[in-house]
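2 protein chains.
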Amino acid sequence: MPLTISEVAHEAGVNPQTLRYYERRGILAEPARTPAGYRQYDPEAVTRIVFIKRAQDLGFTLEEVHELLELRVEHGAACGAVEATAGENLRRVDEKIRQLTRLQEVLTELVESCQLRQGTEDCPILEALER
Amino acid sequence: MPLTISEVAHEAGVNPQTLRYYERRGILAEPARTPAGYRQYDPEAVTRIVFIKRAQDLGFTLEEVHELLELRVEHGAACGAVEATAGENLRRVDEKIRQLTRLQEVLTELVESCQLRQGTEDCPILEALER
DNA sequence: TCGGACCTTATACTAGGGTACAGGGTTTGG
DNA sequence: CCAAACCCTGTACCCTAGTATAAGGTCCGA
Numbered sequence: 001m002p003l004t005i006s007e008v009a010h011e012a013g014v015n016p017q018t019l020r021y022y023e024r025r026g027i028l029a030e031p032a033r034t035p036a037g038y039r040q041y042d043p044e045a046v047t048r049i050v051f052i053k054r055a056q057d058l059g060f061t062l063e064e065v066h067e068l069l070e071l072r073v074e075h076g077a078a079c080g081a082v083e084a085t086a087g088e089n090l091r092r093v094d095e096k097i098r099q100l101t102r103l104q105e106v107l108t109e110l111v112e113s114c115q116l117r118q119g120t121e122d123c124p125i126l127e128a129l130e131r
Numbered sequence: 001m002p003l004t005i006s007e008v009a010h011e012a013g014v015n016p017q018t019l020r021y022y023e024r025r026g027i028l029a030e031p032a033r034t035p036a037g038y039r040q041y042d043p044e045a046v047t048r049i050v051f052i053k054r055a056q057d058l059g060f061t062l063e064e065v066h067e068l069l070e071l072r073v074e075h076g077a078a079c080g081a082v083e084a085t086a087g088e089n090l091r092r093v094d095e096k097i098r099q100l101t102r103l104q105e106v107l108t109e110l111v112e113s114c115q116l117r118q119g120t121e122d123c124p125i126l127e128a129l130e131r
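Respectively, the protein sequence lines represent chains E and X. Just so you know, we're using my numbering here: the first sequence kicks off at 1 and counts up by one. Just so you know, we're using my numbering here: the second sequence kicks off at 1 and counts up by one.
Since the hints were made in silico from the structure, they are not lab data. Note that the structure is a prediction, hence the values are computed from the model and not measured. Built from N, CA and C at the ideal position, the CB exists for glycine as well.
What follows is a set of in silico ranges between Cβ atoms, one per label pair, in the way DEER data are often shown:
| hint | chain 1 | residue 1 | chain 2 | residue 2 | range |
| --- | --- | --- | --- | --- | --- |
| 1 | X | Asn15 | E | Gly80 | 35 to 41 Å |
| 2 | E | Glu63 | X | Gln118 | 26 to 32 Å |
| 3 | X | Glu105 | E | Glu105 | 19 to 25 Å |
| 4 | X | Glu105 | E | Arg33 | 33 to 39 Å |
| 5 | X | Glu44 | E | Glu105 | 16 to 22 Å |
From just these sequences and the hints, can you work out the full model?
Printed below as a string of structure tokens:
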């Protein structure tokens with residue numbers, strides 16, 4: 001059962017204009033159309049858009065999201081390029097996880113200090129992302 | 001040994017105009033000045049700016065970064081608010097880590113598929129951030 | 001049948017986050 | 001002493017990522 005642009009936008013929690021914008025950017029494929037020209041989306045479009053928004057929330061640009069969504073292996077011959085891109089993105093994700101884990105530790109300590117009513121340093125968070 | 005705006009910018013890898021912008025935004029405190037009005041930064045400013053940039057790379061806005069940098073306990077009386085804010089940010093960090101871990105798993109599988117020269121689904125990454 | 005709500009595209013505008021420029025003062029090394 | 005490089009503030013501009021608006025067509029329920 002195809003969805004209208006408003007239905008997809010509503011389910012994904014974005015503005016319909018945003019979907020047209022993603023289409024112009026090439027991040028969303030052009031969907032099928034009714035004879036009147038209305039877009040008809042697969043429900044998978046919602047999943048795609050949720051992915052886009054969550055990846056942005058994790059610090060990826062639309063360009064980077066586009067690159068991630070294009071990752072696939074169609075046949076063995078193309079593996080080198082896909083492996084390189086996936087590996088590079090894997091390293092970035094690893095690094096983000098490492099840094100967020102540091103921040104998580106410092107925030108956990110801060111919450112504990114609060115619970116024990118203990119003062120903290122002037123800016124306990126500052127060095128969390130230093131390395 | 002205080003640093004000039006160019007020295008701090010260079011060490012932190014940003015543009016000097018960015019530092020003035022952060023000062024206008026209140027994210028960086030106003031530094032000491034020479035009699036001629038030149039800014040003189042503590043070396044700690046570099047740490048602060050590195051924190052800002054890395055937090056942005058992790059998906060935090062400048063507003064959120066500002067909030068994080070303001071987290072501290074000065075005396076027991078203020079603990080409630082600090083604990084609430086730190087707790088809220090801790091939850092967001094937890095969620096980011098969870099989602100990035102999912103993405104990490106999918107990217108790892110993708111790299112392994114490449115190494116085994118196996119085809120993948122049309123868009124193996126898509127569901128990585130679905131929940 | 002009709003009106004309100006939806007859709008279309010093209011264009012203009014907004015918000016967040018910078019970054020460049022103008023005009024003029026200061027510093028520093030040759 | 002002087003030129004180049006630095007600094008200052010205020011203002012303007014740029015980029016990314018949306019989002020609104022205009023003008024007009026389509027759909028659907030009353």
